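These protein sequences, in sequence, are chains A and B. Taking my numbering, the leading residue of the first sequence gets 1, the next gets one more, and so forth. Taking my numbering, the leading residue of the second sequence gets 1, the next gets one more, and so forth.
Hints listed in this document are in silico derivations from the structure and should not be mistaken for laboratory results. Keep in mind that the hints are not guaranteed to be accurate.
The list treats identical chains as one, so a pair stands whether inside a single copy or across any two.
Stated by the list, open to error - 27 Å max Cα-Cα, derived DSSO-like pairs, lysine-lysine:
#1 K236 <-> K326
#2 K117 <-> K236
#3 K311 <-> K354
#4 K352 <-> K117
#5 K236 <-> K126
#6 K147 <-> K269
#7 K281 <-> K311
Only a predicted model underlies this, so the values are computations on that prediction, with no experimental measurement involved.
Protein chains: 2
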Amino acid sequence: MASHFVRPNIRAMHGYTPGEQPGTGDRVVKLNTNENPFPPSPKVMQAIRDIAPESLRRYPNPTADGFREVAASVLDIPQDMILAGNGSDDILTIATRTFVPPGGTLAYPDPTYSLYKVLANIEDAKVSPVHWKEGWQLPVDALLATKADAIYLANPNAPSGTFVTPDVVSELAEQFEGLLLIDEAYADFAEDNCLALASKYDNVVVSRTFSKAYSLAGMRFGYAVAKSAVISQMMKVKDSYNCDAISVIAATAAMQDQDYAQMTWNHVKQDRARVAEELTKLGFEVLPSQTNFVFAKVPGGDGLGMYKSLKELGILVRHFDTGTLKPYLRITIGTGQENNALLGGIRELLAKEKAA
Amino acid sequence: MASHFVRPNIRAMHGYTPGEQPGTGDRVVKLNTNENPFPPSPKVMQAIRDIAPESLRRYPNPTADGFREVAASVLDIPQDMILAGNGSDDILTIATRTFVPPGGTLAYPDPTYSLYKVLANIEDAKVSPVHWKEGWQLPVDALLATKADAIYLANPNAPSGTFVTPDVVSELAEQFEGLLLIDEAYADFAEDNCLALASKYDNVVVSRTFSKAYSLAGMRFGYAVAKSAVISQMMKVKDSYNCDAISVIAATAAMQDQDYAQMTWNHVKQDRARVAEELTKLGFEVLPSQTNFVFAKVPGGDGLGMYKSLKELGILVRHFDTGTLKPYLRITIGTGQENNALLGGIRELLAKEKAA
Numbered sequence: 001m002a003s004h005f006v007r008p009n010i011r012a013m014h015g016y017t018p019g020e021q022p023g024t025g026d027r028v029v030k031l032n033t034n035e036n037p038f039p040p041s042p043k044v045m046q047a048i049r050d051i052a053p054e055s056l057r058r059y060p061n062p063t064a065d066g067f068r069e070v071a072a073s074v075l076d077i078p079q080d081m082i083l084a085g086n087g088s089d090d091i092l093t094i095a096t097r098t099f100v101p102p103g104g105t106l107a108y109p110d111p112t113y114s115l116y117k118v119l120a121n122i123e124d125a126k127v128s129p130v131h132w133k134e135g136w137q138l139p140v141d142a143l144l145a146t147k148a149d150a151i152y153l154a155n156p157n158a159p160s161g162t163f164v165t166p167d168v169v170s171e172l173a174e175q176f177e178g179l180l181l182i183d184e185a186y187a188d189f190a191e192d193n194c195l196a197l198a199s200k201y202d203n204v205v206v207s208r209t210f211s212k213a214y215s216l217a218g219m220r221f222g223y224a225v226a227k228s229a230v231i232s233q234m235m236k237v238k239d240s241y242n243c244d245a246i247s248v249i250a251a252t253a254a255m256q257d258q259d260y261a262q263m264t265w266n267h268v269k270q271d272r273a274r275v276a277e278e279l280t281k282l283g284f285e286v287l288p289s290q291t292n293f294v295f296a297k298v299p300g301g302d303g304l305g306m307y308k309s310l311k312e313l314g315i316l317v318r319h320f321d322t323g324t325l326k327p328y329l330r331i332t333i334g335t336g337q338e339n340n341a342l343l344g345g346i347r348e349l350l351a352k353e354k355a356a
Numbered sequence: 001m002a003s004h005f006v007r008p009n010i011r012a013m014h015g016y017t018p019g020e021q022p023g024t025g026d027r028v029v030k031l032n033t034n035e036n037p038f039p040p041s042p043k044v045m046q047a048i049r050d051i052a053p054e055s056l057r058r059y060p061n062p063t064a065d066g067f068r069e070v071a072a073s074v075l076d077i078p079q080d081m082i083l084a085g086n087g088s089d090d091i092l093t094i095a096t097r098t099f100v101p102p103g104g105t106l107a108y109p110d111p112t113y114s115l116y117k118v119l120a121n122i123e124d125a126k127v128s129p130v131h132w133k134e135g136w137q138l139p140v141d142a143l144l145a146t147k148a149d150a151i152y153l154a155n156p157n158a159p160s161g162t163f164v165t166p167d168v169v170s171e172l173a174e175q176f177e178g179l180l181l182i183d184e185a186y187a188d189f190a191e192d193n194c195l196a197l198a199s200k201y202d203n204v205v206v207s208r209t210f211s212k213a214y215s216l217a218g219m220r221f222g223y224a225v226a227k228s229a230v231i232s233q234m235m236k237v238k239d240s241y242n243c244d245a246i247s248v249i250a251a252t253a254a255m256q257d258q259d260y261a262q263m264t265w266n267h268v269k270q271d272r273a274r275v276a277e278e279l280t281k282l283g284f285e286v287l288p289s290q291t292n293f294v295f296a297k298v299p300g301g302d303g304l305g306m307y308k309s310l311k312e313l314g315i316l317v318r319h320f321d322t323g324t325l326k327p328y329l330r331i332t333i334g335t336g337q338e339n340n341a342l343l344g345g346i347r348e349l350l351a352k353e354k355a356a
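Kindly produce the complete structure, drawing on both the sequences and the hints.
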């Protein structure tokens, strides 16, 4: 098969591997891709049912202004500091194409969201992964030393669930000459966030998603916040109509229903504490989480084994079969019932192990 | 404003300029962005109303397999020859990132869809626009002489509406060493198409959209057809979840309702003949169209003037204020009533001109 017409960097690279997505009909306790356990707000579902055929027949507003107006009001920032995207993956893609030149360098604390490396590969750029300092602390000096074109910081981080405080991130933004993207996919489950840095620094982009906090992973909607001069450069790079009419209406309705969203966040945070406590009792080492998942070291360290055994019980969690992550499982906080099923399954497996 | 962290090619370029999109409430006869005049199939609207909250809460199938299965059956090709995209703009973006290296060259017959140049600019690649031969014939030899990495051919072409027959496109595919993308956004309004070339040649990608033929411009859905080895390279480049759950369900329902779609195409083709005939009677030179629009030279040649005068009458058409396109208007075929409003408006303007 001739493929000389495919760019060599694309031929050589591996694509991103999404988490397993069983069919919605499959009977599985699905705690592997960090969805919100609650359905979207009833107001979102109503807005979707009310959509007019005319909104689908016509091209959408190219910059999703209906959403930007509401988001500007909720976040208390000017509308021209907001860029809407087809999921925050789209925001990350747009950022990489805007700020990371071919042959340039993308740096990030490592381990983190594995998509960053893929995005750099597609751009034919190099990556500089920099190990987190002891206790998942931000390696500010080592990141600066990379002289990268851009640094991507997932905060809270995945898969660790850990958080870097805004004052430490500020230090990095202040001293860094390139573009600092703060990926806040999980920020709504954290005790603080870095949104204010986007107003303070010229070189900061904050990205957000509706996939987790607003129960809309299937809808694909995210946004970036940065100074308007930065947003206007990113606008040139995005697809002309990157957000469809329904996703804009759904995200807008979700953003307007803050009470509902916060109810779901409160539930997740409460049950996160409970799951962490129970797992600790069972001999797991659980990292302090500011997300809607916990990252926990399996007693005995056989992460892959426990992942497989749980899967046999119909409980799906995420395992990363690489380096220092191998002894861990990343477990999404589900409904109370799902979390109980998880804990029950783990107790069963540990009891069996003990008996053997 | 510091912007040294923005890539120089992005700083230097202009973004794509979408056609004007007045609010859906505005009372305007909107014949400027080639939407289908009919609403989406009632079955599409029903499928959207029936969407389950669970489909939105969870991540979608990453490769839109529900759609690919139906499309494979309707088009009579294997499923692994299909890649789904967030509009055909997403397909064009993915193709450019897969096949056009930074510093490489993208060629296309010119004038054509102005997005191609923007996509090359973002990639920091050069463009080789090659003038159409007399009568909008494909300049095969001149295109080959560019030695480009890729050639993008809109067929039927926009804004001319003209069509190159598959045997001539075959000649180009056969002799070209790079990747030939055939952008068939308007193919459903044409007498033939080049889908078979995607099965015949290793280096051909055909792209399609639901924006025009299926009345779903607001929904953002398109797809590519190519040999599976080519599709699997493009899969690495697309965003992980580029198509949202609702767009997949909507596009699948639209694809399944071929009777409805063909009814809309037949109406458009009939009224296209009528509008072309009437415009010709009024002194326009109308190019032979195989699309859902006509490209017509205004009597006297003041395209901009007539565009503005029509806009004052509440009739929006598209004018391109560049080079040889200046004397022309691109006019979408609307409902019978809209087309009558257009013709009435033009008659009124020409009568006024004559009286002055």
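Enumerate the violated hints, using their earlier numbering and listing them in ascending order. Of the numbered hints, 4, 6 do not hold.
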